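Q: Spelled out from the first residue to the last, the chains are:
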Amino acid sequence: AQSVTQLDSQVPVFEEAPVELRCNYSSSVSVYLFWYVQYPNQGLQLLLKYLSGSTLVESINGFEAEFNKSQTSFHLRKPSVHISDTAEYFCAVANTGFQKLVFGTGTRLLVSP
Amino acid sequence: DVKVTQSSRYLVKRTGEKVFLECVQDMDHENMFWYRQDPGLGLRLIYFSYDVKMKEKGDIPEGYSVSREKKERFSLILESASTNQTSMYLCASDLSQGHTDTQYFGPGTRLTVL
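Here the protein sequences come in this chain order: X and A. With the numbering used here, letter number 39 in the first sequence gets 19, and the count goes up by one each step, no holes. Take any residue in the second sequence, note its place counting from 1, add 13, and you have its number in the numbering used here.
Hints listed in this document are in silico derivations from the structure and should not be mistaken for laboratory results. From a predicted model like this one, the values you see are computed outputs, not experimental measurements. Some hints here could point you the wrong way.
List time: in silico BS3-like cross-link candidates among lysine-lysine, alpha-carbon distance up to 27 Å [as the list claims (entries may be wrong)]:
#1 X:29 x A:16
#2 A:70 x X:80
#3 A:83 x X:80
#4 A:70 x X:29
#5 X:80 x A:66
#6 X:80 x A:68
#7 X:80 x A:16
In silico contact screen, one side only, chain A against chain X (beta carbon under 10 Å); selected entries [claimed, not checked]:
#8 61
#9 76
#10 86
#11 113
#12 116
#13 117
Just so it is clear, CB atoms sit at the ideal spot from N, CA and C, and this is done for glycine as well.
With these hints in hand, go ahead and build the complete structure from the sequences.
A: In structure tokens form, the structure reads like this:
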């Protein structure tokens, strides 16, 4: 069975600093990988995804994640965060084909001035 | 834009009551999902549906049932609410055909069972 580990429950960072949110998964087969973001009092929305092709994927607001098959990781990075990036971030994995998503426990990113 | 709406943002019920949570999507998506979100546990799948009148159990179906009479509507039912069902409930839909893809989420219903 698949599982997703987000080791950091909370990551405090100052505005304009770089950040990395870690995600590791376990699966014996090929996978699809997703990062979702949840702003306060809202539902989740897709940030970026890896289905196939280039292992480096980017979002429209400056986040990027790299699929590393050997390390079974899909860490999320941003070189310079804004106050508005304060949110909870969820990593999710699904086996290729049509399988249900398995979510991690989430990482709360707290950006302060 | 895809829109997933949930009937209530906040709901307070008493133990033993029957509770209906409604979810509607407007993008003709085949697949719909119900999750519960709890601090430190992330999202856990309760039930999902790939088609009208079709349902499958997720990881934590106990104490819940679902109904999908129309393609756009997916209801979660708590037959007899209990305090341990106090949680945030999120509905989602997607158009996955052949492989898993992006899920679109509603704003959530925060249910409190007293």
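Q: A separate judgement is required for each hint: does it hold in the structure or not?
A: Verification of the supplied hints:
A C-alpha spacing of about 20 Å is found between residue 29 of chain X and residue 16 of chain A, which places the hinted pair at or below 27 Å, so the restraint holds. Of the supplied pair hints, the one linking residue 70 of chain A and residue 80 of chain X holds, its CA atoms being roughly 11 Å apart against a limit of 27 Å. For a cut-off of 27 Å, the pair hint linking residue 83 of chain A to residue 80 of chain X stands: about 21 Å separates their Cα positions. For the hint linking residue 70 of chain A to residue 29 of chain X, the alpha-carbon distance of about 25 Å falls within 27 Å, and the restraint holds.
Taken as a hint, the residue 80 of chain X and residue 66 of chain A pair is honoured in the structure, with Cα atoms around 19 Å apart against an allowance of 27 Å. With a CA separation close to 13 Å, the supplied pair residue 80 of chain X and residue 68 of chain A stays within the 27 Å bound. In summary, the hint linking residue 80 of chain X to residue 16 of chain A is supported, as the alpha carbons are separated by about 21 Å, within the 27 Å threshold. Interface restraint check: residue 61 of chain A against chain X, minimum CB-CB distance 7 Å, threshold 10 Å, status holds.
Among the interface hints, the one on residue 76 of chain A is violated; its C-beta lies about 19 Å from the nearest C-beta in chain X, farther than the 10 Å criterion. Hint on residue 86 of chain A is violated. Least Cβ distance to chain X is approximately 17 Å, over the 10 Å limit. Below 10 Å, beta-carbon pairs count as interface contacts, and residue 113 of chain A has one with chain X at about 4 Å; its hint therefore holds. A hinted interface residue such as residue 116 of chain A counts as satisfied when its beta carbon comes closer than 10 Å to some beta carbon of chain X; here the least separation is about 7 Å, so the hint holds.
Taking 10 Å as the C-beta cut-off, the interface hint given for residue 117 of chain A holds, the closest approach to chain X being about 8 Å.
The earlier numbered hints that this structure contradicts are 9, 10.
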